[in-house]
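S.K.: Sequences listed follow chains E and S, in order. The first sequence maps to residues 1 to 265 in my numbering. The second sequence maps to residues 1 to 309 in my numbering.
Calculated from the structure, these hints are not laboratory results. Heads up, some of the hints might be wrong.
One side only, chain S facing chain E, incomplete, derived with CB under 8 Å [as the list claims (entries may be wrong)]: (1) Glu50; (2) Met72; (3) Leu80; (4) Thr84; (5) Ala86; (6) Ala99; (7) Phe100; (8) Leu103; (9) Tyr104; (10) Lys106.
Each pair of labels, with its calculated beta carbon distance range [to be verified]: (11) E:Ser171 to S:Met1: 52 to 62 Å; (12) S:Ser282 to E:Pro96: 19 to 29 Å; (13) E:Glu230 to S:Leu54: 54 to 64 Å; (14) E:Met3 to S:Trp169: 53 to 63 Å.
None of these values were measured; they are calculated from a predicted model. Cβ coordinates follow ideal geometry from the N, Cα and C atoms, glycine included.
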Amino acid sequence: MTMLFQEALHQLKLFARRPVAMFFVIAMPLMLLLVLTQLFGNERIEGLGLNTAQFYTPALAVFGVVMACYTYLAVSTATARDLGILKRIRGTPMPPWVYICARILAVSVIAFTSLVLVIGTGALVFGVEIIWDRVPAAIIVAIAGALCFAALGMMITALFRSSETVQAATSATIMPLAFISDIFVRPNSETSEWIPVIGNMFPLRHFSVAFQHAFDHAYEGSGFALPDSEGIVFSILPHLGVMALWGIGAAFIAARFFNWDTRAS
Amino acid sequence: MPVISVSELIKSYPGRKAVNGISFEVLKGETFALLGPNGAGKTTTIEILEGYRLADSGTVRVLGLDPQADRMELKQRTGLVLQTTALEPELTVGETISAFARLYVKPEPAGKILEAVNLAHLTGNRVGNLSGGQKRRLEIALGIIGGPELLFLDEPTTGLDPEARRKIWTLIRRLNEEGCTILLSSHYMDEVKALADRMAIMVDGSIAAEGRPEELQTLHATHATIRFDTFGRPLPGMPAALAGKVRVEHGVAVIDTPDPVPVLHELTSWAIQHKVDLASLSVSRQSLEDIYLKLAGRRAAAPVKEAAE
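With the hints as constraints, model all of the structure from the sequences given.
M.R.: And the structure:
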């Protein structure tokens with residue numbers, strides 16, 4: 001246990017010394033929040049009971065979590081593998097599972113930091129209201145999302161051999177998904193009906209929608225009720241189910257195909 | 001009990017045999033070297049002993065244990081330096097060594113180890129700014145931080161400049177004197193001669209020769225070389241039988257012969273008769289380097305895949 005926390009701290013130290021990673025995970029979601037809110041004006045969104053910042057604050061908090069747990073985890077692990085560091089770690093007495101768990105723990109801490117910064121900025125700068133009785137549900141959604149995307153990140157690392165291809169695969173998946181998962185683009189009356197249908201097949205939209213509903217007064221309840229037929233009850237359960245399916249599937253694939261050294265033979 | 005014993009070890013990769021039934025033992029306290037060209041199977045052998053790779057067949061024991069089944073215990077008791085450098089460039093030297101020290105049950109004091117590899121003055125420097133030789137010394141420090149009984153060194157000085165190599169040699173000798181058994185791989189004969197008590201010359205997955213350096217020389221040196229300076233003059237009145245054996249290279253007469261005594265007799269008789277100055281006369285046995293190149297070259301005609309080693 002001590003070894004796990006020490007290694008997680010070690011991974012956090014490495015992250016803190018990588019300015020590019022810090023930018024993408026910590027600075028970019030904040031910048032997007034400021035820029036998009038300025039761009040669209042912090043007004044009430046047509047057809048939604050929300051203003052621009054109320055929509056973008058939870059959406060970009062989710063994006064920060066995904067950048068940490070998916071993109072950064074996958075790329076930094078693949079880079080360490082390219083450098084032979086994963087192979088070297090296998091030659092020490094640290095159990096492999098401790099090393100992997102420590103990396104996941106570290107990116108979860110980074111994700112949580114990014115999320116708190118985005119929501120704090122939304123609340124302090126744009127007056128986004130935090131609905132306190134939904135905070136437990138929001139935290140559960142954030143943890144589920146972090147674990148789901150960490151599993152997906154490890155799956156990408158397992159399926160691609162070099163850090164370049166892993167970098168390409170994470171960007172090629174997350175960017176298009178972010179556009180159809182209510183993260184970069186606010187849904188409006190002109191959005192085609194099939195966009196959310198496709199979005200719902202993937203875990204990102206479930207993560208972002210479940211998290212956003214925790215900040216939206218159009219919904220009722222604290223999030224733990226079963227969904228109703230009219231769709232006005234805030235229920236995280238179906239979203240957790242989809243994220244769990246993707247996460248467990250990805251974890252299996254990652255465990256099956258992960259390689260500590262892809263350079264030789 | 002030997003520290004390492006390998007018997008009839010075989011390992012194939014798709015399309016080729018990397019290790020072809022080798023056997024050897026490494027005794028407690030000795031430095032044993034695997035010498036051979038790229039693709040000879042040295043790294044494959046070492047990585048099977050380290051537990052990184054599975055043998056196809058044969059028996060392998062390290063400290064009496066199985067590298068696969070007892071991997072966790074062996075990792076506490078052995079240290080390793082891999083063929084390619086693997087360090088986090090963002091960390092300092094001190095942070096790197098502490099990060100490894102905490103993984104071992106009884107680590108050596110970090111300060112003492114950095115002192116031993118002559119990096120103590122660079123404790124606060126970023127690893128990314130170290131020279132190649134300094135990085136390699138840091139990796140040796142990581143290999144010995146756990147106080148290992150056995151240290152694997154896979155080509156510790158490849159690609160380094162002569163001075164950096166000397167420093168690493170001194171370090172390896174000192175480690176060995178302090179009681180650490182060392183398995184070294186190298187493709188430099190000078191390195192092996194400087195460090196190893198015994199060596200095995202590996203060519204194409206097999207051991208072509210094995211023993212102490214002197215043994216190998218006695219056993220495999222088939223020729224002696226006689227040399228003397230001609231001072232740029234022709235060799236007057238040399239008997240045809242002798243003259244036929246002489247070749248002149250850069251003003252030096254060279255005679256390669258399996259049987260130097262009668263040749264020397266002929267040569268000195270001729271020199272007395274013709275008043276030739278043989279002040280520069282020398283007789284030398286075939287060098288280990290020559291023997292190595294001969295053994296390695298014997299099969300060099302077959303293409304060698306470099307990357308997979």
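S.K.: Work down the list of hints and note, for each, if the structure agrees.
M.R.: Outcome of the hint check:
{"no.": "1", "hint": "Glu50", "in the structure": "holds, 6 Å"}
{"no.": "2", "hint": "Met72", "in the structure": "holds, 7 Å"}
{"no.": "3", "hint": "Leu80", "in the structure": "holds, 5 Å"}
{"no.": "4", "hint": "Thr84", "in the structure": "holds, 5 Å"}
{"no.": "5", "hint": "Ala86", "in the structure": "holds, 3 Å"}
{"no.": "6", "hint": "Ala99", "in the structure": "holds, 6 Å"}
{"no.": "7", "hint": "Phe100", "in the structure": "holds, 7 Å"}
{"no.": "8", "hint": "Leu103", "in the structure": "holds, 5 Å"}
{"no.": "9", "hint": "Tyr104", "in the structure": "holds, 6 Å"}
{"no.": "10", "hint": "Lys106", "in the structure": "violated, 11 Å"}
{"no.": "11", "hint": "E:Ser171 to S:Met1: 52 to 62 Å", "in the structure": "holds, 55 Å"}
{"no.": "12", "hint": "S:Ser282 to E:Pro96: 19 to 29 Å", "in the structure": "violated, 58 Å"}
{"no.": "13", "hint": "E:Glu230 to S:Leu54: 54 to 64 Å", "in the structure": "holds, 60 Å"}
{"no.": "14", "hint": "E:Met3 to S:Trp169: 53 to 63 Å", "in the structure": "violated, 35 Å"}
The structure fails hints 10, 12 and 14 (numbered hints given earlier, in ascending order).
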